[in-house]
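Undergrad: Sequence:
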Amino acid sequence: MNKNGIYVLLVGLVIIGCVTFSFGIQSNAATNGYVKKYLLEEKKKKENPEQDTIDMLNEYYSADVKLQKIVLKYNKDKNLNQAITSTDFNKKRNVMYAFIKLIPNIKDSQDKNAFLEYLQRYVSNGEIRDGKVEEFLNKIEGKSLFSTQKATTTVDEAYEKNMKNGKSSDATGDEFKKENQTAHVAKAFNRVNAGKWAYKNYNKYSKSYPKFTGKYNDCTNFVSQALHTGGKLGFFGKWKIHRKNKKYWNINSAKKLDYSWSVTDPSPWMSARTFNSYMRSKAKYTFNYSNNYYRIHYKSIYNQKIYRGSAVIFLEGVAGISVKAKHVMIMSSYNSKTKDILLAGHSTERQKYSLRNAIKNYSEVNIYTF
12 MNKNGIYVLL
22 VGLVIIGCVT
32 FSFGIQSNAA
42 TNGYVKKYLL
52 EEKKKKENPE
62 QDTIDMLNEY
72 YSADVKLQKI
82 VLKYNKDKNL
92 NQAITSTDFN
102 KKRNVMYAFI
112 KLIPNIKDSQ
122 DKNAFLEYLQ
132 RYVSNGEIRD
142 GKVEEFLNKI
152 EGKSLFSTQK
162 ATTTVDEAYE
172 KNMKNGKSSD
182 ATGDEFKKEN
192 QTAHVAKAFN
202 RVNAGKWAYK
212 NYNKYSKSYP
222 KFTGKYNDCT
232 NFVSQALHTG
242 GKLGFFGKWK
252 IHRKNKKYWN
262 INSAKKLDYS
272 WSVTDPSPWM
282 SARTFNSYMR
292 SKAKYTFNYS
302 NNYYRIHYKS
312 IYNQKIYRGS
322 AVIFLEGVAG
332 ISVKAKHVMI
342 MSSYNSKTKD
352 ILLAGHSTER
362 QKYSLRNAIK
372 NYSEVNIYTF
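Numbering (the working numbering), first residue to last: 12 to 381.
A few of these clues could be false.
In silico DSSO-like links for lysine-lysine, alpha-carbon gap of 30 angstroms or less [what the hints assert, rightly or not]:
1. LYS150 / LYS310
2. LYS371 / LYS54
3. LYS57 / LYS84
4. LYS57 / LYS295
5. LYS143 / LYS295
Calculated directly from the structure, the hints in this document are not laboratory data.
Using the sequences and the hints given, assemble the complete structure.
TA: Right, here's the structure in full:
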């Protein structure tokens, strides 16, 4: 279970990269308005519902129902309590505004985290990102909810800034000699080397990890490999994978995966959605931009503390109430002339793909620098 505590083990499924391997467990949409709204929207768009999205909405709904009981300890307003599970984003926004007033006075850390998790879930619906809630979260993060798991990785930031501005190169390969890199989960972790590994191996597949074929993507699987093999980030918590036998390497079904590989459920190693939530608390710097904001302000964003090896997660709106991570890539290089971040990734093999191009098909992007 990740630190945010929002993933409830109610479903039997294995999530691979950006695609779900489902064992057929469905939701009771009659009692979960989130799922009901999502299914109606997908029907209107004539698209097939994704089991992974249904699972996410079930988890969110379950967490919100539990929160309704917690809120009664601090506010007896029945209308406020009912609005917690509303499918109307405006009503959820009013709930969040009420929570912002309550949170500073809450002493119980578990209760406070439950309130904060609600704000994180609904700060955006894919089209609207509430500035008041976002500002509150930016002030509180790093001070309470995430402080115990913030990565402490250091890097020669001056060198990377020179790389960004086209004033240096990797020709000598000795730029890391004087670095003192440590991390919360692995002292040897080197995020820049993770980015360099992704750049060099964007079209290669190691038999130390599964290779997903056919209609199954492995975007998250590739980024995890870059962090683990390239950056030497050790396995920790649920972020891990082990081979059980050599029978299946090319994976195109949950059955083959389960037979030859050992992963956690849900798996931040393979699931874009779980990676997004699980790795957020491990990042030293976190950034979130809407599609429109990034395309307008990309030049100033380029100068933020975003370096090679940073994970880049793309999100889409779901059911008009929240967003879901759909794709993961890793920063592999810079374009100092256009001030653009360049990415490597799968399942379409990319070595130095422009973030400005990549974000076009998504509503938001999260960037985690470890």
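Undergrad: Run every hint past the structure and note whether it holds.
TA: Here is what the structure says about each hint:
no., hint, in the structure
1, LYS150 / LYS310, "24 angstroms, holds"
2, LYS371 / LYS54, "24 angstroms, holds"
3, LYS57 / LYS84, "43 angstroms, violated"
4, LYS57 / LYS295, "41 angstroms, violated"
5, LYS143 / LYS295, "23 angstroms, holds"
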